[in-house]
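Could you build the full structure based on these sequences and the hints that come with them?
One line per chain: the protein sequences are A and B, in this order. Letter by letter, the first sequence follows residues 4 to 337 of the numbering used here. Letter by letter, the second sequence follows residues -7 to 321 of the numbering used here.
Below, a list of computed lysine-lysine pairs in the BS3-like style, where the Cα atoms sit at most 25 angstroms apart:
#1 K(-4)(B) with K234(B)
#2 K30(A) with K79(A)
#3 K236(B) with K298(B)
#4 K212(A) with K268(B)
#5 K15(A) with K322(A)
#6 K40(A) with K212(A)
#7 K183(A) with K15(A)
#8 K(-2)(B) with K35(B)
#9 K146(A) with K210(A)
#10 K146(A) with K264(B)
#11 K130(A) with K83(A)
#12 K35(B) with K76(B)
#13 K(-2)(B) with K236(B)
#14 K135(B) with K301(A)
#15 K268(B) with K210(A)
#16 K212(A) with K261(B)
#17 K268(B) with K298(B)
#18 K210(A) with K264(B)
#19 K81(B) with K35(B)
#20 K146(A) with K268(B)
#21 K261(B) with K210(A)
#22 K18(A) with K79(A)
#23 K128(A) with K212(A)
#24 K322(A) with K41(A)
#25 K264(B) with K212(A)
#26 K40(A) with K322(A)
#27 K212(A) with K139(A)
Beyond 10 angstroms from chain A on every Cβ pair, some chain B residues (computed):
#28 V11
#29 V23
#30 G65
#31 P84
#32 Q87
#33 V115
#34 K128
#35 K169
#36 E198
#37 K236
#38 N240
#39 A279
Read the hints as simulated data drawn from the structure, not as lab findings. Every residue, glycine too, gets a C-beta built ideally from N, C-alpha and C.
The primary structure of each chain is shown beneath.
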Amino acid sequence: MQNQNQPLLEVKGLKTYFYMEQDRVAKAVDDVSFTLKKGETLALVGESGSGKSITSLSIMRLIPSPPGKIVEGSVKLEGKELLTLSDRDMRRVRGNDIGMIFQEPMTSLNPVYTIGNQIAETLMKHKKMRKKEAYKRAVDLLKLVGFARAEEIVNEYPHQLSGGMRQRAMIAIAMSCDPKLLIADEPTTALDVTIQAQILDLMVEMKQKFDSSVLLITHDLGVVAEVADRVLVMYGGQIVEEATVYELFTNPKHPYTVGLLNSIPSLDEEVDRLDSIPGTVPPAHRFPHGCRFAPRCKHAMPECLEENPELRETDAHHKVRCYLYEEQGGEKVG
Amino acid sequence: MAEKEKLLEIKNLKKYFPVKGGVLQRTIGHVKAVDDVSFDIFKGETLGIVGESGSGKSTLGRTILKLLDPTEGSILFEGNELAKLSHRKMRPYRQNMQMVFQDPFASLNPRMSIGELIEEPMVVQQSMSKQERKDKVVDLLRKVGLPEEAREKYPHEFSGGQRQRIGIARALSINPKFIIGDEPVSALDVSVQSQVLNLMEDLQDEFDLTYLFIAHDLSVVKHISDRVGVMYLGRLAEIGPKEKIYSNPLHPYTQALLSAVPVPNVETKREKIYLKGELPSPSNPPAGCTFHTRCPEAHERCRLEKPEMVHQGEGQYVACHLYTPAAVK
Chain A
4 MQNQNQPLLE VKGLKTYFYM EQDRVAKAVD DVSFTLKKGE TLALVGESGS
54 GKSITSLSIM RLIPSPPGKI VEGSVKLEGK ELLTLSDRDM RRVRGNDIGM
104 IFQEPMTSLN PVYTIGNQIA ETLMKHKKMR KKEAYKRAVD LLKLVGFARA
154 EEIVNEYPHQ LSGGMRQRAM IAIAMSCDPK LLIADEPTTA LDVTIQAQIL
204 DLMVEMKQKF DSSVLLITHD LGVVAEVADR VLVMYGGQIV EEATVYELFT
254 NPKHPYTVGL LNSIPSLDEE VDRLDSIPGT VPPAHRFPHG CRFAPRCKHA
304 MPECLEENPE LRETDAHHKV RCYLYEEQGG EKVG
Chain B
-7 MAEKEKLLEI KNLKKYFPVK GGVLQRTIGH VKAVDDVSFD IFKGETLGIV
43 GESGSGKSTL GRTILKLLDP TEGSILFEGN ELAKLSHRKM RPYRQNMQMV
93 FQDPFASLNP RMSIGELIEE PMVVQQSMSK QERKDKVVDL LRKVGLPEEA
143 REKYPHEFSG GQRQRIGIAR ALSINPKFII GDEPVSALDV SVQSQVLNLM
193 EDLQDEFDLT YLFIAHDLSV VKHISDRVGV MYLGRLAEIG PKEKIYSNPL
243 HPYTQALLSA VPVPNVETKR EKIYLKGELP SPSNPPAGCT FHTRCPEAHE
293 RCRLEKPEMV HQGEGQYVAC HLYTPAAVK
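Below, the structure is given as structure tokens:
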């Protein structure tokens, strides 16, 4: 065990670019740095095209190359640099240290193998278990994620399960090797609300049971409020705000975060008109000069169009990338 | 409140899809996608329909517009029965009823320019001259917040939110009275979603439209609707004014559904009601109340007897045995 203050995951200056035709470069992830503490659930939120999924895929080194490439930066898991590992060593990290759950369990489960086979395969490969032992563990894991008839489910195929059940099976696979880090990319987006509630709860339960940490990628701020400890808001390939979940929802600072929160219709209050952010997310090969949000921002000032602001700490546990907070510090955006 | 004028009356509407099987591909059963649904839609209101996947909400919308033929039941539009009309006899009514779909890219022909796309319904209805149609296209583009130059462009040149604006302009082109939106904002990012919701509200005021708004997102439906209906497994579980449905839901399913929505608020934590299991197959729905297999309040009667819609005051109706007087056995 290394020292206690060392973060579990440390991402520094990560840049992942996609090289497209006509010499266009999509800067999908452009200088992203953050840390994830042990035992923490860190949410990465953003709309489509913000770079949140590419960030998580870069951490797992699953960027399709070409056209994609991690051009710069460092990703350390318990101090160990992942970006320079050989493919073989990286595969070992993926099953053993990092578990993954994706949005569409049907596409990430292999349709021609039984559920039991897919869990056992992971265990045999990464934990060097024997077949019999692995199948026994698979049944235990399926019970753990809430299957009442686990003995039957091990012999069933993915198509025999519903969306929610598949996601449970996926969680069982992800947890099978007792990972230190669980990366969940939109894990409940394809599910109905009543099933979503079950799966979110299961994730929280599994995290505690296996003493792991979670990087949750989502577009849903409701899900964030429900399960995250800390939040990173991404826009245009960069982190624009970073805060504890309480800070972010009670005292949002970046005009983008504020706009986003105000454009969600509320279940608790009644508003006549929703706030909205004009325009759309810019494509990653054509980010505006200066602050990437400036063309859509109602507070944009001349300097915003000239230079991209830095991500700066305004209060303890709160960072924001916006000129409004550079000198005067801490004035609330309405 | 004065008696509101009914635009549509849906009575005992059913839409069953045959399930074929065996060597001879005979019908061996039915998927009861919409099973005995009745409600009214009043002029100028927005009726929201919520439900999870498989609840039959989309089939309901399509059946009302007669894109699917109803199996049974009646659809009265301004007092005229549509359910039995042939395709050809239906045509004059289509002018009054339009649909906006979830995926505007799939519903817009990629080979037609935006101008042609918006003009097409007017051409089909044959009521305007060429010049009138052209003027109308420009006018509609402005109304939905797109520049006039958009006319010459093609669907792929637009973002999801802009395409949904085009879909709305197209639906409006023949001055319908009634528009069904089938998950019209579900594919959009939240910042764009609110733009389209605001646009739909503005257009409703301007053109005196009546909406049936079908969606799975309870917060969105609450925002845009005047009344809300909750569907479960082909049936309407509860319907009423949105204030009633959201602040005082009566059906255990509505209660569970509302409690499960993750809310972007860290200060108010709500008590969650967990539902057991998953949605049963609509081809083999449970007997009695279709919700009894997952209902925390289920009792003997729910397994045996289908609950009828009962008025609970102020326009709130619920189909649940907790609210029906015990029947004589």
